[in-house]
Amino acid sequence: MKVCILDYGSGNVKSVFNMISTLTEDVTISNNTSDIKNASHLILPGVGAFGASMKKINENIPVDELANEVLNTKKPFLGICVGMQVLAEKGLEFGEHKGFGWINGTVEKLNVPDNLTLPHIGWNDINIKKQNNVLLNHFTDHQDFYFVHSFAVSGTDEEYIVSDTEYGTNFISVVNKENIFGVQFHPEKSQKAGKVLIENFLNIK
Amino acid sequence: MKKKRLIPVVLLKNGFLVQSKSFKRYQNLGNPITSVKRLSEWASDELIYLDISKDENYDMRRDDIKHPNRSGILEIIEDVSKVTFMPITFGGKIRSLQDIEMRLSRGADKISINTIPFENKNFISEAAKEFGSQCIVISIDAKVTENGFSVFSNGGKTDRNISPSEWAKICENEGAGEILLNSIDRDGMKNGYDIELLQSVSSAVKLPVIALGGVGEWEHFSEALEKTNVDAVAAANIFQYMDQSVYLAKKYLYENNFNVRKPDLLLI
Chain L
0 MKVCILDYGS
10 GNVKSVFNMI
20 STLTEDVTIS
30 NNTSDIKNAS
40 HLILPGVGAF
50 GASMKKINEN
60 IPVDELANEV
70 LNTKKPFLGI
80 CVGMQVLAEK
90 GLEFGEHKGF
100 GWINGTVEKL
110 NVPDNLTLPH
120 IGWNDINIKK
130 QNNVLLNHFT
140 DHQDFYFVHS
150 FAVSGTDEEY
160 IVSDTEYGTN
170 FISVVNKENI
180 FGVQFHPEKS
190 QKAGKVLIEN
200 FLNIK
Chain V
0 MKKKRLIPVV
10 LLKNGFLVQS
20 KSFKRYQNLG
30 NPITSVKRLS
40 EWASDELIYL
50 DISKDENYDM
60 RRDDIKHPNR
70 SGILEIIEDV
80 SKVTFMPITF
90 GGKIRSLQDI
100 EMRLSRGADK
110 ISINTIPFEN
120 KNFISEAAKE
130 FGSQCIVISI
140 DAKVTENGFS
150 VFSNGGKTDR
160 NISPSEWAKI
170 CENEGAGEIL
180 LNSIDRDGMK
190 NGYDIELLQS
200 VSSAVKLPVI
210 ALGGVGEWEH
220 FSEALEKTNV
230 DAVAAANIFQ
240 YMDQSVYLAK
250 KYLYENNFNV
260 RKPDLLLI
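As you go down the protein sequences, you meet chains L and V in turn.
When we follow numbering that gives the first Met the number 0, the leftmost residue of the first sequence carries the number 0, and every step to the right adds one.
When we follow numbering that gives the first Met the number 0, the leftmost residue of the second sequence carries the number 0, and every step to the right adds one.
So that you can see chain L by itself, here it is in the shape it has in the complex (with noise of 0.2 angstroms):
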């Protein structure tokens, strides 16, 4: 196993690197392309605004090489919040910026009522919608993970959709279209099960 973290300037690359050595020394947080392309597990992890991160994304990483990995070489490939909601078609917060579109979807502010606050922070759970998700194993619905964000991916083809989560209105928390994954918590930060959800992906052949 060889894990890359992908590193454009995210503030919790850390966050992910610590919770990740405790499973495997096998972990890098890189942007160049021999480490994406030896990699056998790719992570975008990721905090903070769609555009900017997309902007950060485009200007640090090798994007072309890395749809290569994902979409021809089929390597399991993990989106983290903002690492997520990059995988969609675009996003509109502050303007309107072009995601990679591997999952379709726009990525919109969560429509709450006005008695509820955005950013969305805390923990909160997840209704499972797709039992037997490789991602999932070991949870039980409604499992507590930690959210930080005031945006989710919406208008998602069902069969991609494995989890929601509500917070005044049903967003998605967790998607999968083949090798790609995307989670809108942080796993990093909810304790044991953050942990058995990253073992799950790391698990993934």
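Hints may contain errors.
[Claimed, not checked] Just some of the chain V residues that point at chain L, by a computed CB distance under 7 angstroms:
no., residue
1, 2
2, 44
3, 84
4, 85
5, 86
6, 199
7, 262
8, 265
Simulated from the structure, these hints should not be mistaken for laboratory data.
Built from N, CA and C at the ideal position, the CB exists for glycine as well.
Using the hints, position chain V against chain L.
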């Protein structure tokens, strides 16, 4: 459904964790990293780590096996973030955007500020723009004065002559993400939260309010959750007194049907 949070607060004073009474008297509790590891294993929902040192001396005065001496807050943040996998807020001595950046890049998820917004009016909005509202926590230390509740800064020394609810509203408009509301009068007194204070602020803003100050028994947590609109209940000293404290407090709330995460003991 989003859960109410139970949050231990630890106070760092010159390299040691301490307990505090009335913002004046401090007792040594020991190593700044090992006790945090325990709090993580008891499935705390988050951790708030406040640096209340008056100077820059973080010497633990010893170099133990596996616990090397630490000379600065940034090294301590790095160590703490290696042993816990939950959201961590660091507060204390934050004077600039660079101070925030340095803490976030070493593993902090949020930072808490208390004094600087009184000196630099644009600080909250600048910090929120740069790092996002979600990581800017405003710590409000309140005290009863002859004019009612008033906000104090500089470690409880300077009366800012503004009510906590008004100050919280200003901070909300500037882009703050959360309010950490502490009562100086209740600090270390074990006689329960100042419910009136919690009500006044949690009804004035939409921001999540974290209650702090005065918890001496688990019932004080439930009292705040029942009577006020706070999003989280926090405490410092009580979590240091017994083994599995956070777990037991969570269990108490869970068994009394409060909307909290299921209690758990983690080995991670």
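Do the hints match the structure? See the list:
For residue 2 of chain V, the suggested interface contact is upheld, since its CB lies about 5 angstroms from the closest CB of chain L, less than 7 angstroms. Among the interface hints, the one on residue 44 of chain V holds; its C-beta lies about 6 angstroms from the nearest C-beta in chain L, closer than the 7 angstroms criterion. A hinted interface residue such as residue 84 of chain V counts as satisfied when its beta carbon comes closer than 7 angstroms to some beta carbon of chain L; here the least separation is about 5 angstroms, so the hint holds. Because the smallest distance between the Cβ of residue 85 of chain V and any Cβ of chain L comes to about 6 angstroms, under 7 angstroms, the interface hint for this residue holds.
With a cut of 7 angstroms, the hint placing residue 86 of chain V at the interface with chain L holds, because the nearest CB-to-CB distance is about 5 angstroms. Hint status for residue 199 of chain V: violated, given a least beta-carbon distance of 18 angstroms to chain L, over 7 angstroms. For residue 262 of chain V, the suggested interface contact is broken, since its CB lies about 12 angstroms from the closest CB of chain L, more than 7 angstroms. Given hint, residue 265 of chain V at the interface with chain L, holds; its Cβ is 5 angstroms from that chain's nearest Cβ, closer than 7 angstroms.
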